[in-house]
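Asker: Work out the full structure: start from the sequences and follow the hints.
Those protein sequences? They're chains P and C, same order as listed.
Number 137 in UniProt numbering belongs to position 137 of the first sequence; there are no gaps in the numbering.
Number 245 in UniProt numbering belongs to position 245 of the second sequence; there are no gaps in the numbering.
I should point out that these hints are in silico values taken from the structure, not numbers from a laboratory.
Just so it is clear, CB atoms sit at the ideal spot from N, CA and C, and this is done for glycine as well.
Please note that a few of the clues may not be correct.
Label pairs and their calculated CB-CB ranges [to be verified]:
hint	chain 1	residue 1	chain 2	residue 2	range
1	C	Lys230	P	Leu171	37 to 45 Å
2	P	Val57	C	Thr2	56 to 64 Å
3	C	Val86	P	Val289	20 to 28 Å
4	P	Asp439	C	Asp187	54 to 62 Å
5	C	Gly184	P	Phe6	28 to 36 Å
6	P	Arg371	C	Met1	51 to 59 Å
7	C	Gly94	P	Ala369	54 to 62 Å
8	P	Leu364	C	Ser98	54 to 62 Å
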Amino acid sequence: MPNFVFLWTDIALFAMVAAVIFYAWRVSRSETARATWARVARSTPAMSSAVVLLFFVVVGLLDSVHFQPRLPSAPDAPPNAPVVYSPKVVSLLDTLLDDTALTHQEKTYSSPLAYRQFTKETMLQEGGEPYRDFPRLRFGGAHLDDPEAQWLADVSQRASLGLAGGLGVALVLMSVVVALIARSRRKREIHASWSMVALDVCRGQTDIPWRAMFMTALAMCLVLGVVFGLATGYHVMGTDQTGNDVLWRALKSVRTAWVIGTLTTVAMLPPALFFGIAAGYFKGWVDDVIQYIYTTLTAIPGVLLIAAAVLMMQVYIDTHPDLFPTSAERADLRLFLLCMILGLTGWAGLCRLLRAEALKLRELEYVQAARAFGISHFAVMVRHLLPNVMHIVLITVVLEFSSLVLYEAVLSYLGIGVDPTMNSFGTMIDNSRLEMSRDPMIWWNLLAAFVFMLALVLSANLFADGVRDAFDPRSQSFRPARRSRLLAMLNKGST
Amino acid sequence: MTGYIVRRLMYGVMILIGVNLLTFVLFFAVNTPDDMARLAIGGQRVSADAIEKWKAERGYDKPLWINAQAAGAEKFTDTIFYERSVPLLTFDFGLSDSGRDIGWEIRERMGPSLALAIPSFVLGILASISFALLLVFFRTTPLDFWGVVLCVLMLSISGLFYIIAGQWLFAKVLRLVPYSGYIGGLDMVKFLALPVLVAIISRLGPEARFYRSLFLEEISKDYVRTARAKGLGERVVLFKHVLRNAMLPILTGTVSALPLLFMGSLIAESFFGIPGLGSYTIDAINGQDFSVVRAMVFLGASLYIVGLILADISYTLADPRVRFE
Numbered sequence: 001m002p003n004f005v006f007l008w009t010d011i012a013l014f015a016m017v018a019a020v021i022f023y024a025w026r027v028s029r030s031e032t033a034r035a036t037w038a039r040v041a042r043s044t045p046a047m048s049s050a051v052v053l054l055f056f057v058v059v060g061l062l063d064s065v066h067f068q069p070r071l072p073s074a075p076d077a078p079p080n081a082p083v084v085y086s087p088k089v090v091s092l093l094d095t096l097l098d099d100t101a102l103t104h105q106e107k108t109y110s111s112p113l114a115y116r117q118f119t120k121e122t123m124l125q126e127g128g129e130p131y132r133d134f135p136r137l138r139f140g141g142a143h144l145d146d147p148e149a150q151w152l153a154d155v156s157q158r159a160s161l162g163l164a165g166g167l168g169v170a171l172v173l174m175s176v177v178v179a180l181i182a183r184s185r186r187k188r189e190i191h192a193s194w195s196m197v198a199l200d201v202c203r204g205q206t207d208i209p210w211r212a213m214f215m216t217a218l219a220m221c222l223v224l225g226v227v228f229g230l231a232t233g234y235h236v237m238g239t240d241q242t243g244n245d246v247l248w249r250a251l252k253s254v255r256t257a258w259v260i261g262t263l264t265t266v267a268m269l270p271p272a273l274f275f276g277i278a279a280g281y282f283k284g285w286v287d288d289v290i291q292y293i294y295t296t297l298t299a300i301p302g303v304l305l306i307a308a309a310v311l312m313m314q315v316y317i318d319t320h321p322d323l324f325p326t327s328a329e330r331a332d333l334r335l336f337l338l339c340m341i342l343g344l345t346g347w348a349g350l351c352r353l354l355r356a357e358a359l360k361l362r363e364l365e366y367v368q369a370a371r372a373f374g375i376s377h378f379a380v381m382v383r384h385l386l387p388n389v390m391h392i393v394l395i396t397v398v399l400e401f402s403s404l405v406l407y408e409a410v411l412s413y414l415g416i417g418v419d420p421t422m423n424s425f426g427t428m429i430d431n432s433r434l435e436m437s438r439d440p441m442i443w444w445n446l447l448a449a450f451v452f453m454l455a456l457v458l459s460a461n462l463f464a465d466g467v468r469d470a471f472d473p474r475s476q477s478f479r480p481a482r483r484s485r486l487l488a489m490l491n492k493g494s495t
Numbered sequence: 001m002t003g004y005i006v007r008r009l010m011y012g013v014m015i016l017i018g019v020n021l022l023t024f025v026l027f028f029a030v031n032t033p034d035d036m037a038r039l040a041i042g043g044q045r046v047s048a049d050a051i052e053k054w055k056a057e058r059g060y061d062k063p064l065w066i067n068a069q070a071a072g073a074e075k076f077t078d079t080i081f082y083e084r085s086v087p088l089l090t091f092d093f094g095l096s097d098s099g100r101d102i103g104w105e106i107r108e109r110m111g112p113s114l115a116l117a118i119p120s121f122v123l124g125i126l127a128s129i130s131f132a133l134l135l136v137f138f139r140t141t142p143l144d145f146w147g148v149v150l151c152v153l154m155l156s157i158s159g160l161f162y163i164i165a166g167q168w169l170f171a172k173v174l175r176l177v178p179y180s181g182y183i184g185g186l187d188m189v190k191f192l193a194l195p196v197l198v199a200i201i202s203r204l205g206p207e208a209r210f211y212r213s214l215f216l217e218e219i220s221k222d223y224v225r226t227a228r229a230k231g232l233g234e235r236v237v238l239f240k241h242v243l244r245n246a247m248l249p250i251l252t253g254t255v256s257a258l259p260l261l262f263m264g265s266l267i268a269e270s271f272f273g274i275p276g277l278g279s280y281t282i283d284a285i286n287g288q289d290f291s292v293v294r295a296m297v298f299l300g301a302s303l304y305i306v307g308l309i310l311a312d313i314s315y316t317l318a319d320p321r322v323r324f325e
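Answerer: Quick look at the structure:
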């Protein structure tokens, strides 16, 4: 057994997964919640992007299982020698990708699919004569004897094998899903054979947009197949300045993006819920005090407040080096604290929305009735107000995710984001900023960050739009939540 | 109305006091001046003398809140809190940790900041509104659909990419504009063209989508149906009725953002090397100059409050149904 390491953010992420599963269980037991989510399930863009998001979720979770692998015992060790663990903490994702180029480090830059380094080096000939040339890479194309002649054939062979593999996986996946649909239809006593379901899916005549989802999954499988086919022998997206595989860095950044996007909203919820509902429910001086608090917070420019808090955190970490034994733990704690800071500085918007909603709800008959029955203020807020503002919370959380991922990039660029040693889209962009002005240009670093970030943020945005349309009671297809946020702001301003 | 504005101003002053207290606690109470000194001098093993000297040079060697050694009123005035916080309320920013006058720096850097912020703001709003109107004019056609797709695509791209791509395309490949830098006078157009263009494009996606939904909401209202029933053409309905009514929320929202233009843009200024307030702030963050960061926080908060009051007033002026309370 390897020695499992639980970093702060790992625990938080897995707690979040547990919370999502719990929520799904709750939804499955409630008729109305199921109906609302069914509306999300019928939206084509939302479900297609859910397929893409699922891939990122899997990558993020695989990368969150950290452990120290067991080292093979020394040959002359006594049988009862203590087990030795590697000092390096790796994740499950690293282990899965161990045989590919992703986890193999080169010396410095190399372009995508290259077999030679990007920069020249002085090497020694057999006779001891020094000469300058582009050295071969340690891993990329190292299996080729005569790279100039074999490279094209080898690359196309690996790519087509990968393509075939991706196609196979996609077909298997589809037939499994089709079989499951057929089974669930038969359960509901609808006559359905496998081929009828397949025909319905192909024609796009299903309630849930299976055809679009299949197309997305097929495209993903083909792209991933080609990429991993090539990654068995080459660095698909090249390597960066310190020789790390760029694709590997991008995959690792996905986890950072998930942590920032989800943990921050979790940190934001307690103050926003508590203050928002209390302000709307009690009105009067409680409302005044809470409004004063969040107006003060929003008055401070967001970036500066975060910068101030991060600087303070930095001072604390620098003056207490003994608390954080390894650099991985320090980087992880910094990420965790960054999420807390983002959450504690960003709850004002949600709080304002919840206050407006609570102001409206408290006048409704059922709340009045509950009060007349002598139920305490606290119980009214928890039992009667909280469940009825949850749709606002859900919409905000889902909408906020993509903007937080984008925000992280800006903060890391400013030097107040994640630890510079941590892989994230922000650090990737920050590193590749100067590479664009080199000649010949180094573009693959930036491209990888761009593609991954666009895929993640775009699918998150589309999914969030689907959720918002389903959950916002007032939303016909043309009413983004920002509108209600603006209205809330204006209403607050005019009273 | 005067009474209302005075009340709002008083509220603003209270908020500023809150901001001041909050940042003071963040910067001085959570971490002691000793920590700051150690960070500024660098390294773990800094001699106690060096710390004392650093603190004495900047006046950080006094007690935080109450000076027990002093007599009379000096008990409260001869402290870090009094010397560092009270002058802020009169917009006297004092000296930065590196010894320069912050107020002078702010006055010097306001010009370049505004030279970038005002054109990008005005042109950005114009571009977004016209794009949104175009989409609304062609609503229920494929053009609208693909326009919205384009908006979503554009708002999913980080602003950093627009800047890097713009610099690469216009400065490196086409060689139309310089990479970065700034000079005063008429030549500044050359340096500002690219940052302004990038700012417009990076705002187009989210804003055009938002404005489009505002317009569409107006279009479903009764007065539009009445206008159509009178036999007015689509163009007249759109430009005369819908645009004018939808402009109200747009303009009042815009007014509150106006004062914050003084703060400049953090990212664009540092990428394009424009010596404005944004790059000043970034330099302060990177140099961990706490005085400058505090001054900028205070300035930003006061501008935000001015924006809030302006928004209130403009909302009332624009919509006579809203009355001051």
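Asker: Hint by hint, note whether the structure agrees.
Answerer: Hints versus structure:
1. For the hinted restraint 37 to 45 Å between Lys230(C) and Leu171(P), the CB-CB distance of approximately 60 Å leaves it violated.
2. Between Val57(P) and Thr2(C) the Cβ separation comes to about 57 Å, which falls inside the hinted range of 56 to 64 Å.
3. For the hinted restraint 20 to 28 Å between Val86(C) and Val289(P), the CB-CB distance of approximately 24 Å keeps it satisfied.
4. For Asp439(P) and Asp187(C), the Cβ-Cβ distance of about 27 Å falls outside the hinted range of 54 to 62 Å, so the restraint is violated.
5. Under the hint 28 to 36 Å, the C-beta atoms of Gly184(C) and Phe6(P), about 57 Å apart, miss the expected range.
6. A C-beta distance of roughly 39 Å is found between Arg371(P) and Met1(C), which places it outside the suggested range of 51 to 59 Å.
7. Distance hint check for Gly94(C) and Ala369(P): the Cβ-Cβ separation is about 59 Å, which falls inside the suggested range of 54 to 62 Å.
8. In this structure, Leu364(P) and Ser98(C) meet the distance hint of 54 to 62 Å, their C-beta atoms being roughly 58 Å apart.
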